[in-house]
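Since each chain comes alone in its own frame, lean on the hints to assemble the complex.
Listed below are the residues making up each chain.
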Amino acid sequence: MKPNHFSTIRRILFACMILVPLIPFILALGIGYYHFATSLENSTVASMKRIVGDHRHMIESFLGERKHDLEFILNSYRFEDLRRSETLDTVFDHLQRGSQAFVDLGVFNEAGVHVAYHGPYRLVGKVYKDATWFREVMEHNYYISDIFLGYRQVPHFVIAVTKAEAGKKWVVRASIDTATFNNIVESIRIGKTGEAYILNVNGLLQTKPRSGGKLMEKYPDKIKYPSSHTGVETFMDKDVKGVKYLYTTTWLQNKKWLLVVRQERADAFKALTSAVYMIILVLVIGGAAILSVAFYLTNHIVGRMEKMDTEKDRLNQQLIGASRLAELGEMSAGFAHEINNPLQIIKSEQSLIEMILADMKEKDQLKESASLTELEDSMDQIKLQISRCANITQAILKFGRQDEPKPQNIDLRAFIPEVTGMVAQKAVVHGISIEQDIAENTYPIHGDPTQLQQVLVNLYNNAMDAILEHHGTSGGKLIVSAGPKEKNTVEIVIKDNGGGISPENLNKIFSPFFSTKSVGKGTGLGLSICYGIIDSMRGTMEVGSEEGVGTTFTLRLPAMV
Amino acid sequence: MEKMKLMVVDDEERFLSTTKKLLERRGYDVVTAPSGAEALEKIRGQNIHVVILDVKMPGMDGNATLKEIKRQFPLVEVIMLTGHATMESAIDGLKSGAIDYLMKPADIDEIILKAEEAFEKRQSLEEKIRVAQMRKLMKSPREIIEET
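In the order they appear, the protein sequences are chains E and Z.
Residues in the first sequence are numbered from 1 upward in steps of one, following our numbering.
Residues in the second sequence are numbered from 1 upward in steps of one, following our numbering.
For reference, chain Z alone in the conformation it holds in the complex (with noise of 0.2 Å):
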């Protein structure tokens, strides 16, 4: 079983720190990006399961950034964290492909659990992706042979 990396985005560095310190505790890997540029870049380096981004940042906001992350690396799922409980956010960016959103002050738990959630939802995509895969390759002789 492959093991979930994390990515946490957010402005406030001792949160990132923090964070990092209990997922690591927790057995998770984990990177974290104080801008969503920073997060853009790093995803690129990495291969990242799942993004916890903060909505409101200076500079490229959780929403452009999850954007650019959907259009970029359309099978990382992205768990929006909102200070805001205006849930009109939290529904943009559902709407722009986050899979779930936080409201802070959010539980490492249940940060956590969404966490989970997530990555069983990208695990049983790239499963799926595997399978068609398979199925294309196991396919692929055949018709080779009834072409010749």
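Next comes chain E alone, as it looks inside the complex (with noise of 0.2 Å):
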């Protein structure tokens, strides 16, 4: 498989691998919030309504017993009796007893003449007669007014009812304390940022809001205003900082004032903040789990992939070597055995001619001359090579021959010190040391030991000629070790320092007929026998060479366990 192909399939894995989970993932906490955020602004917007509500009706009572307070007074007394100011004494102490938040008292006759006044200042005798609370007094009968200054430079606001006596109505008014007012609004609180305050129809400031502003003056914010009497409007807006805020209102007193609770919408929903945070959290920590558990099995697969891959080539490649090399060696026995017989003839031939020579010579037939020197010679050389293509096609029907190996149990320990003990006189004799490093815990292997006698005598023997050739006969060095290996196998290194193998050649190293000997020293069939032979003990054969350093060989065989 091409790179390429390995890179597509990493990429649709790791795409896959992220998606299926992220996607569920991501959902499932899209959903958790939605649910929650829109429970917790039902929940919260319910609490708001429900805070106004009670708050409206606790506004509305405490005006509602103000009234009554006078509707009281007028029902109890005659319009002579609180001409005194003995008798409004009397009454505005008792009234007072009753709420704190009575500030004054006063009596009006029907033409608006401050008749009687029990307070801190001096109004009797003023006349109110146009007046806006006293013309709406005296046509609706009540009346609550806005927060105003009044004579007195002082905000506060007054309640007036009316009562007919004798065909001719008259006024009782008191003035309320907007401090006692303002605490009634004021003590609703809601969080840290929750508020409220009451507004007038013309969105002027009738309690002071929390969070600061004056009253009296115009609220700067945009309310919208409940379309019907009792209705509770809730909205969200930005007030004139720019900060989000929750607002809740309700009319009071008949449209006559807005009731404005608010909170700071982080602050109302502060939950739905942290329950955000959160969600970030675990979408960060969810991602970088789902994103590093992705690539990591991602580069496992793939990578297992890959190996197993280049595994699989690797064995082809050997598979393909193998079958080849045995094809080869069948075809090259016939080969070599179908040349014998016309070398067996050219031998007999060249014998006889031989033969004849000597004859004649013997004979007095011929004459020593140049020429018979010259021919001699020539027969001499018919026969080296006829020998030469002997040797060549024995070697060949070695390489092919298919003998039945005998395999048994080898103790490798034992069996290749014996076999390096056959070649160590010729390494003595060139000036060569060996070195055996045996582990005691090589595992015996399963073999022909025929076969694996030849295979390391060739490695010697290959061995030993580069180093005499790079060497000369001082300073050669042949290593020779074995020890056990992963799954069980035994390991054979053969390393030698001689001139080492080049990059092309060593390629080409296992193919028959492949030599970098002189002509007639090598057939080139030597490491490709080798290679055959450890191909069919199940083992495999390496070559690795550096020039001018040396060449190494490793055997791996299966070991006998």
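None of the hints are false.
Once the Cα atoms are required to be at most 30 Å apart in a straight line, the calculated DSSO-like pairs of lysine-lysine come out as:
1. E:LYS508 <-> E:LYS487
2. E:LYS361 <-> Z:LYS5
3. Z:LYS3 <-> E:LYS361
4. E:LYS383 <-> Z:LYS5
5. E:LYS270 <-> E:LYS241
6. E:LYS361 <-> E:LYS383
7. Z:LYS3 <-> Z:LYS70
8. E:LYS406 <-> Z:LYS67
9. Z:LYS121 <-> Z:LYS95
10. E:LYS383 <-> Z:LYS20
11. Z:LYS121 <-> Z:LYS56
12. E:LYS363 <-> Z:LYS3
13. E:LYS129 <-> E:LYS168
14. Z:LYS56 <-> Z:LYS67
15. Z:LYS20 <-> Z:LYS70
16. E:LYS361 <-> Z:LYS21
17. E:LYS67 <-> E:LYS126
18. E:LYS406 <-> Z:LYS56
19. E:LYS367 <-> Z:LYS20
20. E:LYS361 <-> Z:LYS20
21. Z:LYS114 <-> E:LYS383
22. E:LYS383 <-> Z:LYS56
23. Z:LYS5 <-> E:LYS363
24. Z:LYS20 <-> E:LYS363
25. Z:LYS42 <-> Z:LYS114
26. E:LYS361 <-> Z:LYS114
27. E:LYS383 <-> Z:LYS21
28. Z:LYS42 <-> Z:LYS70
29. E:LYS224 <-> E:LYS67
30. E:LYS367 <-> Z:LYS21
31. Z:LYS95 <-> E:LYS406
32. E:LYS363 <-> Z:LYS21
Source of the hints: derived by calculation from the structure; they are not laboratory data.
Predicted model, so just to flag it, every value in this text is computed and none were measured.
Here it is as structure tokens:
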């Protein structure tokens, strides 16, 4: 498989591994968030509505009580009685005992003249005929003013009620301390930023908001008014500073005043904010986990696939190599056999010629001459070349032969030194030192000892030839080591310090008839035969070499365990 | 001393004729046969001591011929001549009674050497037989006397 194929697989796998868990993960978080946000909003709005409703009720009942107080006075006393300041003082005392909110109390006749007054100011005699509150109260019998400064230049509001007595209306009016009233409204506190205040129809502040703002001033925020008398309106808007608030409004006093309760959105939905942080945290951690797991798994799987693929390729290559070698072996064996027959005839003919020549010389039929010497030399050459051909065909036949191997258990700890001993004499003669390092725990193997001996001797001879060529007869070193390897294999390493093999030759080294030795010195079959033998033992044979440093042959054979 | 009589069996006509010439020049009595069947026929007619037998031949092959020779003429020594290096055919031959084997291309001196060895063995075998027969003959009159 090509590398870009793997990168495609890697991409697809990676995408799948991320998307498959990530989509439901995000979906779950999203749905959870949506439901939580909705229910939180609903419950927050509901609780704010409830608070607004409760406070409206509270304020309405406060005002209603004050109105009842005045009505009670109207009904309990006659106009003439209340005109007297002593009576008024007593009444006021009673009033204040009922509620501290009362500041003063005044009595007005039909013409709007302030006939009696109890309070901190001097107001008796003033005429209110044209004052708005007077006209309103005369018309509707009951009036609650907005907060105003009046003659006193102090913010207050008044409650006035009328009574008809003997065809004439008279009025009782009380001022309500805004501070007391303020406290009632201000007592609404929700969270950190929750507050309440009252606006009149013109949007002037009737109570002081906690967040600041003066009485009687125009409230800067945009306020939505509820449509019905008792309806509660909820909306979200930014105030002048750009902070988002959740507003809840309701009418008071028959659309005269508007109760506003507001809370910063962030405050009201604090739980939602922390939920969002939590979701983001989970998303980041979960996403990172998914990403890293996907990355790790993808790498792992694709790596395994790649490894298996190269393994497969290598196996294929080996298989092809082995079968090609076998084919070549068979073919060359047949070929060698066919060559041997004519070679036999040539040899016989050559012997005959030689014999005849000798006979003729003996009988003096041939005179010694340069031509005769040349002829004899030529004869010798033919003989030599025939034997060379014979050597080649023998080697080929050996390569191609399919002797039934006779496998048995081989203890390498004894076997390798034994084989090494066979070449020891040759090594000594050529000044090559042989080092052996056979691990004590080397497993025994199963194979034909003759074949394994052939392989080892072949490798020894090759190594010694290479050393001789590179070093001459001193400084040669041949190291043989063996030991157990992973997966129940045994490794035999034969290392020389000869001239090494060039990379281009290294690829062909196991091919039949490939030889770097001079003509006539090698058939180029030795290593192919070795390869075939090791392959038949279900082992592997590898070569590594560095020019000028040496060559290492590594045999791996399955252990007998 | 009896003169060795050799027989060469091979399907290559030229090999036969050249080898015959070579051996005759060395002073041996040589008979040739191009096939196993012909070889058997010729052995029957003449007293052949040693047979050089090619393993691979059309028709009756070397090993079959060897078995037949040994069956009919157990005293005839056979040297197998193989073009194949597989030891198996040679081993098969030795098991079937061949005295030795030669690998092609074989040198004429090599052939002669092995043939001489085989002939010697044959000679000593014949000698033993002769002695044994002599003893039997020597023993016989006494036995006759004792029996009477």
